[in-house]
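A.B. asks: Going down the list, the sequences are from chains A, B and C.
Heads up, the first sequence is in this note's numbering, so the first residue is 1 and it goes up one at a time.
Heads up, the second sequence is in this note's numbering, so the first residue is 1 and it goes up one at a time.
Heads up, the third sequence is in this note's numbering, so the first residue is 1 and it goes up one at a time.
Keep in mind the hints are simulated off the structure, nothing from the lab.
It cannot be assumed that every hint is accurate.
25 Å max Cα-Cα, derived DMTMM-like pairs, lysine to aspartate or glutamate [to be verified]:
1) K5(B) with E105(A)
2) K18(A) with E217(B)
3) K222(C) with D126(C)
4) K18(A) with D150(C)
5) K5(B) with E124(A)
6) K243(C) with E105(A)
7) K222(C) with D13(A)
8) K5(B) with D87(A)
9) K18(A) with E52(C)
Keep in mind that this is a model prediction, so the values were computed, not measured.
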Amino acid sequence: MLQGVNLACVRGDRELFKDVNFSLEAGSLLQVRGPNGSGKTSLLRMLCGLSNPAAGEILWRDTSIRSLNGDYYAAVTYIGHLSGTKDDLTVIENLRISSALAGSEISIKQASEALKHMGLRGREALPVKVLSQGQRRRVALARLLVCNTSLWILDEPLVALDVMAVKLIQEILEQHLQRGGLIVMTTHQEIMVTATSITQLHLA
Amino acid sequence: MWIIKRDLLLAMRRQSDVLTTLFFFIIVVSLFPLSVGPEMNMLRTMAPGVVWVAALLASMLSLGRMFSNDYLDGTLEQMLLSPQSLSLLVLGKSFAHWLVTGVPLVLMAPVLGIQYDLPTDALLVLTSALLLGTPVLSLIGAIGAALTLGLRGGGVLVSLLVLPLYIPVLIFGAGAVEANMAGVEFDAHLSLIGAFLLVSIVFAPWAAAASLRVSLE
Amino acid sequence: MAINWFKYSSPASFYSLAGKMIPIFVFISVILLVAGLYVGFFVAPTDFQQGEAYRIIFIHVPAAWMSMFLYVVMAFWAGIGLAFNTRLSSMLATAIAPTGAMFTFIALWTGALWGKPMWGTWWVWDARLTSELILFFLYIGFMSLQAAIDDPRRADKAGAIIALVGVINIPIIYFSVQWWNTLHQGASVSINQAPAMATTMLTGMLIMVFASWMYSIAVILKRTRVIILERESHASWVAELQKKGAI
Numbered sequence: 001m002l003q004g005v006n007l008a009c010v011r012g013d014r015e016l017f018k019d020v021n022f023s024l025e026a027g028s029l030l031q032v033r034g035p036n037g038s039g040k041t042s043l044l045r046m047l048c049g050l051s052n053p054a055a056g057e058i059l060w061r062d063t064s065i066r067s068l069n070g071d072y073y074a075a076v077t078y079i080g081h082l083s084g085t086k087d088d089l090t091v092i093e094n095l096r097i098s099s100a101l102a103g104s105e106i107s108i109k110q111a112s113e114a115l116k117h118m119g120l121r122g123r124e125a126l127p128v129k130v131l132s133q134g135q136r137r138r139v140a141l142a143r144l145l146v147c148n149t150s151l152w153i154l155d156e157p158l159v160a161l162d163v164m165a166v167k168l169i170q171e172i173l174e175q176h177l178q179r180g181g182l183i184v185m186t187t188h189q190e191i192m193v194t195a196t197s198i199t200q201l202h203l204a
Numbered sequence: 001m002w003i004i005k006r007d008l009l010l011a012m013r014r015q016s017d018v019l020t021t022l023f024f025f026i027i028v029v030s031l032f033p034l035s036v037g038p039e040m041n042m043l044r045t046m047a048p049g050v051v052w053v054a055a056l057l058a059s060m061l062s063l064g065r066m067f068s069n070d071y072l073d074g075t076l077e078q079m080l081l082s083p084q085s086l087s088l089l090v091l092g093k094s095f096a097h098w099l100v101t102g103v104p105l106v107l108m109a110p111v112l113g114i115q116y117d118l119p120t121d122a123l124l125v126l127t128s129a130l131l132l133g134t135p136v137l138s139l140i141g142a143i144g145a146a147l148t149l150g151l152r153g154g155g156v157l158v159s160l161l162v163l164p165l166y167i168p169v170l171i172f173g174a175g176a177v178e179a180n181m182a183g184v185e186f187d188a189h190l191s192l193i194g195a196f197l198l199v200s201i202v203f204a205p206w207a208a209a210a211s212l213r214v215s216l217e
Numbered sequence: 001m002a003i004n005w006f007k008y009s010s011p012a013s014f015y016s017l018a019g020k021m022i023p024i025f026v027f028i029s030v031i032l033l034v035a036g037l038y039v040g041f042f043v044a045p046t047d048f049q050q051g052e053a054y055r056i057i058f059i060h061v062p063a064a065w066m067s068m069f070l071y072v073v074m075a076f077w078a079g080i081g082l083a084f085n086t087r088l089s090s091m092l093a094t095a096i097a098p099t100g101a102m103f104t105f106i107a108l109w110t111g112a113l114w115g116k117p118m119w120g121t122w123w124v125w126d127a128r129l130t131s132e133l134i135l136f137f138l139y140i141g142f143m144s145l146q147a148a149i150d151d152p153r154r155a156d157k158a159g160a161i162i163a164l165v166g167v168i169n170i171p172i173i174y175f176s177v178q179w180w181n182t183l184h185q186g187a188s189v190s191i192n193q194a195p196a197m198a199t200t201m202l203t204g205m206l207i208m209v210f211a212s213w214m215y216s217i218a219v220i221l222k223r224t225r226v227i228i229l230e231r232e233s234h235a236s237w238v239a240e241l242q243k244k245g246a247i
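Pulled out of the complex, with its shape left as it was, chain A reads as follows (with noise of 0.2 Å):
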């Protein structure tokens, strides 16, 4: 369903990788590796249509994503490093709030259900700036429980999570690759999910 085709990105001067291909069918997972500056930020936002490669394209069911546009932005959920959660605004408003710009709006008690499922139940009223950096990073990835798109890109999920909620992340990976989603993930540890396939991209 997703393919990228000779990808080849560049950076100022630097050619950070050329020739990337890769093919991911429904319900499969790709993991992205690769040591600091081998671009794999890069990658993914080019996944996500944030940038376009130096060359090479990218397919999302046979389709180029450039000429998709709205349509394939419904597909995707992207979590970066950038958590996306507003400082001044609650909890709850800021799930509501970013699935709603994700084009899926939600009631107060889809959102407060979704808090629950991560472990934040009774910050729900909180406003995020009194969080702690791995609650922010919880509040983020609780868009994916109301989401519902098929390809997930996220860089670096599970940075700044505990044990229970990078076991909690793994499950929700899983379930979402049962139902026949996809995922592009980069992450720096061994991934502890049982999924049909997990393919690996090692970027030099």
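Once you've looked at the hints, dock chains B and C against the given chain A.
C.D. replies: Frame of chain A; chains B and C shown alone:
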């Protein structure tokens, strides 16, 4: 629509930002009599220009907040990835920016006009010209704010980019009041500002959306 | 004669082509400049109203024309670069900006010099001078935006957007300033009211226009070459040139 609600909510949580812009406007306008003297006739002729220039500067100063906070915490990224049209989102954000910075200026303008001894109907014209013109400032400003996202010295740069583009609004905005005080028809001025508003509603969000994509690449 | 134009849209071939063309344009522009200045300052008759001072128009008018023309050309190339992602056209746009700003500055400066004997003051808020001043601001904005951005691709695109926004705005600004001017000054002084020009004056001016044209092309090509070298410094053809000692 909820993007407007969001930005208003954020502004409510940070009221000091809104007030800073408003007080900047008030202070700049109040400085002029101190620098040129309290001679009422001169102040009356200067008033429309002074109020407009101060409004331009105040609206420009607040442009930095339009996208940069969202840029820093990653919410802007999410907006770019929204299935909704980015131009519409930018339009919503510009509208929210206007509600937060433009409207207070418009409401404050008659009071400041009184300081300058403007006659009542001139006050009315000044307020309506500002009401039509300040949204244009927010819309055009969005382009500049989007282009300078994350750049060193972005604040000064945005003024270089945006102020020349504000000139038509300034000319006709201040011109309307002057025409009114000179006893000439001012409808044409207001219609022209209205035309600028329509044109910028159509084109500015689109250009700003393109700029955002460039800046976040 | 089939010329493969796309061949020249690659920076490498453009670099060598521009290298060959620059001397030609420099040569033509020097000839025209000498001829134009000679006609302007020695052949053209003294104006019966403005005396000798009017001769500044041989510099002022071509500079003002070039300044406006170059902005449109710059926006055109920048727009092409944005739409088709052609690097060379964006580089051209970047190369045009300083020359355009220089002509704008010359036009303002000579305008002031002309204003003093004509109107008794260095600066009048005449519609044309004011528009020229705003044009100068637009050039400065374009250049400072590009200078502030480190990534050349982002600089190209951001510059293109502001140049295009500027080009759309120029007619509006010009119109507004015109209106503002008639409102405030009436028709007290206006450059259009110059009496019918003698043929020699017109000839001199046209020669000067062509001279500045050729000069601009030469300088812009030169500057584009420098930008190409800067941006392509990691490319193999630059390394080869360096080996040959050509740079």
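A.B. asks: If a hint holds in the structure, say so; if it does not, say that too.
C.D. replies: How the hints compare with the structure:
Among the hinted pairs, K5(B) with E105(A) is consistent with the structure: their alpha-carbon atoms are about 14 Å apart, no more than 25 Å. Our distance criterion of 25 Å between C-alpha atoms is met by K18(A) and E217(B), whose separation comes to about 18 Å. In summary, the hint linking K222(C) to D126(C) is not supported, as the alpha carbons are separated by about 35 Å, beyond the 25 Å threshold. Distance hint between K18(A) and D150(C) is fulfilled; the C-alpha atoms sit about 23 Å from each other, no more than 25 Å.
At most 25 Å may separate the alpha-carbon atoms for a hinted pair to count; K5(B) and E124(A) meet this at roughly 19 Å. Between K243(C) and E105(A), the direct Cα distance comes to roughly 62 Å. Violation of the 25 Å bound is thereby established for this hinted pair. Straight-line distance between C-alpha atoms of K222(C) and D13(A) comes to about 22 Å, which keeps the hinted pair within the 25 Å bound. As the CA atoms of K5(B) and D87(A) are separated by approximately 16 Å, the hinted pair is consistent with the 25 Å bound.
A threshold of 25 Å between alpha carbons decides the hint, and for K18(A) with E52(C) the separation of about 66 Å lies outside it, so the pair is violated.
Hints 3, 6 and 9 from the list above are not met by this structure, while the remaining hints are.
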